[in-house]
Structure formats: C-alpha cells, structure tokens
Amino acid sequence: MSVATTTTTTDIGSLLEKMSSNDKDLCFIAVSDLINNLQQKTFELDNNNQHRIVQCVLQSLKNTNIEVQNQAVQCLEPLLYKVNGEPFKTICDTLCLNFTNKSEDARKLDDIITTGLKTIFPSYLQKETQEYVFNPANVLMVHLVEALKHSPTTSHTNRSKYRLEKAEHGEFKILDIIIETLSKPDADIKFYLFHTPIKDLLKRNLSSRRADLRKRISILVKYLFI
Numbered sequence: 006m007s008v009a010t011t012t013t014t015t016d017i018g019s020l021l022e023k024m025s026s027n028d029k030d031l032c033f034i035a036v037s038d039l040i041n042n043l044q045q046k047t048f049e050l051d052n053n054n055q056h057r058i059v060q061c062v063l064q065s066l067k068n069t070n071i072e073v074q075n076q077a078v079q080c081l082e083p084l085l086y087k088v089n090g091e092p093f094k095t096i097c098d099t100l101c102l103n104f105t106n107k108s109e110d111a112r113k114l115d116d117i118i119t120t121g122l123k124t125i126f127p128s129y130l131q132k133e134t135q136e137y138v139f140n141p142a143n144v145l146m147v148h149l150v151e152a153l154k155h156s157p158t159t160s161h162t163n164r165s166k167y168r169l170e171k172a173e174h175g176e177f178k179i180l181d182i183i184i185e186t187l188s189k190p191d192a193d194i195k196f197y198l199f200h201t202p203i204k205d206l207l208k209r210n211l212s213s214r215r216a217d218l219r220k221r222i223s224i225l226v227k228y229l230f231i
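No gaps in the numbering here: position 127 of the sequence shown is 132 in the working numbering, and each next residue is one more.
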C-alpha cells in the first residue's frame with residue numbers, strides 16, 4: 006500500500022511540474038494525463054496534493070493557449086469529486102466569485118469559467134441521484150447563488166436587500182447559467198440545495214423596474230415553482 010501511495014505522489018509531482026511548463030505541448034499532455042487519473046476511482050489525493058492540484062488546474066484556466074485552457078476546464082468536474090474542505094472551497098470561490106469581480110482580468114476568464122460550469126452541472130444531471138446525495142455540483146450551485154446575493158452590485162440594505170437593480174454583465178451571467186441548468190429534466194429536483202438560498206432573491210426581484218431582470222427572475226420562478 007505504501008509503495009502505491011509513494012508512486013502516486015511522485016506521479017503527481019511530475020504532472021504538476023509539466024503543467025507549469027512553458028512548453029504548451031508538454032502542458033497539454035500533462036493536463037490530459039491528470040484528467041485520466043482523476044477519472045479513476047482508485048485515484049486518491051491527500052490534503053497537500055489536493056491543494057497543489059487545485060491551484061495548478063485553476064492557474065491553467067488562465068493559460069494563454071486555448072487548448073490547454075479547454076483541457077483545464079475538463080479537469081474541473083472530476084476534480085470536484087476528489088477534493089474536499091479548503092481546496093473544494095477554493096474551486097467554488099474561483100468559479101463563482103469571478104463573475105462578480107469587476108476587474109479586467111476577471112472579465113477575460115468569464116467565457117472559460119462559464120464553459121466549466123456548463124460542463125459540471127449537466128454532468129451531475131446524468132448521475133444517479135442516490136449516487137451523490139450531497140453532490141459537489143449541488144454545493145457549487147449554492148456557492149453560485151451566494152456569489153450573486155453578495156455581489157458588490159446587489160443591495161444589502163434592509164429595505165432593499167438582495168435587489169439586483171444595479172446588476173451588470175457578471176450577475177446576468179450567473180442568472181443565465183442557472184436558467185440554462187434548470188431547463189434540463191429533473192434539474193429542479195436534483196439541485197435541491199440551492200432552493201432556500203435563492204428564494205428570497207427571487208421574491209425581492211419579481212417586481213424589478215428592469216425588464217431584462219424581471220424576465221430572468223420570472224423564468225426561474227417558473228422552474229422552481231416559488
């Protein structure tokens with residue numbers, strides 16, 4: 006058992022080194038190898054390696070080579086099922102808070118992160134519910150809603166709490182991702198964890214003065230029967 010663990014650790018160190026390489030081909034192959042490893046049920050990570058791999062994959066999302074970026078996106082879904090605690094939270098925060106980050110660097114990552122979420126959520130819907138009762142994708146959806154509720158453009162005063170009257174591109178991106186996800190069969194049932202967090206937000210914005218916002222909120226209400 007110890008020999009297998011040592012081999013795995015060594016392999017991980019080699020993969021991480023290659024993923025950080027300036028050689029795009031070497032980097033691409035390393036990310037592909039990591040995907041293959043993550044898809045193996047016997048592939049396990051200790052806390053230290055969880056942190057190292059998460060940081061490396063998230064950094065690969067910023068790679069200037071689109072092929073490496075796309076491979077890193079494919080890593081996200083299986084990686085969610087191999088990490089927990091702080092590394093898991095790091096993935097959720099990076100993916101969800103990017104939309105409410107108003108910096109130019111964050112905007113550059115919008116499309117690639119949107120692709121990542123649109124890969125993760127549909128994949129979960131293909132799984133048997135009982136297989137992952139407390140599913141990482143379910144928890145990730147909650148983080149996405151919380152990012153929207155605590156966005157800098159969202160009102161936090163008592164009388165207008167969670168109003169999205171000043172919502173911008175990023176906030177609408179979140180709403181559109183949730184809408185697209187909920188349009189799939191059984192999505193409202195499988196993504197049950199976020200029903201409570203989003204309920205107040207929907208009620209607060211049903212009568213918004215903004216037609217673009219009202220339209221999206223009405224669609225969500227229809228899907229969730231609130």
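These aren't lab readings, by the way, just hints derived from the structure by calculation. Where hints are given, some of them may not hold.
[Claimed, not checked] Cross-link-like lysine-lysine pairs, in silico, PhoX-like; alpha carbons within 25 Å at most:
id	residue 1	residue 2
1	K204	K171
2	K204	K227
3	K220	K189
4	K123	K113
5	K123	K166
6	K94	K107
7	K23	K67
8	K154	K132
9	K29	K67
10	K46	K113
11	K189	K132
[To be verified] Computed beta-carbon distance windows for the label pairs:
id	residue 1	residue 2	range
12	D217	K29	37 to 45 Å
13	S188	E133	33 to 41 Å
14	I194	D110	35 to 43 Å
15	Y197	L31	39 to 47 Å
16	L211	K67	19 to 27 Å
17	D217	N53	40 to 48 Å
18	K123	Y197	27 to 35 Å
19	K107	L31	43 to 51 Å
20	S160	D181	39 to 47 Å
21	L211	S25	15 to 23 Å
22	F177	T124	49 to 57 Å
23	N53	S188	34 to 42 Å
24	K123	L211	41 to 49 Å
Keep in mind it's a predicted model, so treat the numbers as computed, not measured. Note that CB positions come from ideal geometry on N, CA and C, so glycine has one too.
Hints, verified against the model:
1. K204 with K171: OK: K204 and K171 at ~19 Å, within 25 Å.
2. K204 with K227: Given that 25 Å is the threshold and the Cα spacing comes to 12 Å, the pair holds.
3. K220 with K189: holds (19 Å)
4. K123 with K113: The hint holds at about 17 Å.
5. K123 with K166: Distance ~29 Å between K123 and K166 Cα, so the pair is violated.
6. K94 with K107: Distance ~21 Å between K94 and K107 Cα, so the pair holds.
7. K23 with K67: holds (16 Å)
8. K154 with K132: violated (28 Å)
9. K29 with K67: holds (13 Å)
10. K46 with K113: At roughly 34 Å apart (the allowed maximum being 25 Å), K113 and K46 break the hint.
11. K189 with K132: Cα-Cα ~13 Å, so holds.
12. D217 with K29: 37 to 45 Å: holds (39 Å)
13. S188 with E133: 33 to 41 Å: Violated, since S188 and E133 (Cβ atoms, about 21 Å apart) do not stay within the stated range.
14. I194 with D110: 35 to 43 Å: holds (37 Å)
15. Y197 with L31: 39 to 47 Å: holds (43 Å)
16. L211 with K67: 19 to 27 Å: The hint (19 to 27 Å, Cβ to Cβ) is violated, given that L211 and K67 are roughly 38 Å apart.
17. D217 with N53: 40 to 48 Å: Given a distance of about 46 Å, which is inside 40 to 48 Å, the answer is holds.
18. K123 with Y197: 27 to 35 Å: violated (20 Å)
19. K107 with L31: 43 to 51 Å: With a Cβ separation near 35 Å, K107 and L31 fall outside 43 to 51 Å, so the hint is violated.
20. S160 with D181: 39 to 47 Å: violated (21 Å)
21. L211 with S25: 15 to 23 Å: violated (48 Å)
22. F177 with T124: 49 to 57 Å: violated (20 Å)
23. N53 with S188: 34 to 42 Å: For S188 against N53, whose Cβ atoms are near 40 Å apart, the range 34 to 42 Å holds.
24. K123 with L211: 41 to 49 Å: violated (26 Å)
The structure does not agree with the numbered hints 5, 8, 10, 13, 16, 18, 19, 20, 21, 22, 24 stated previously, though it agrees with the rest.
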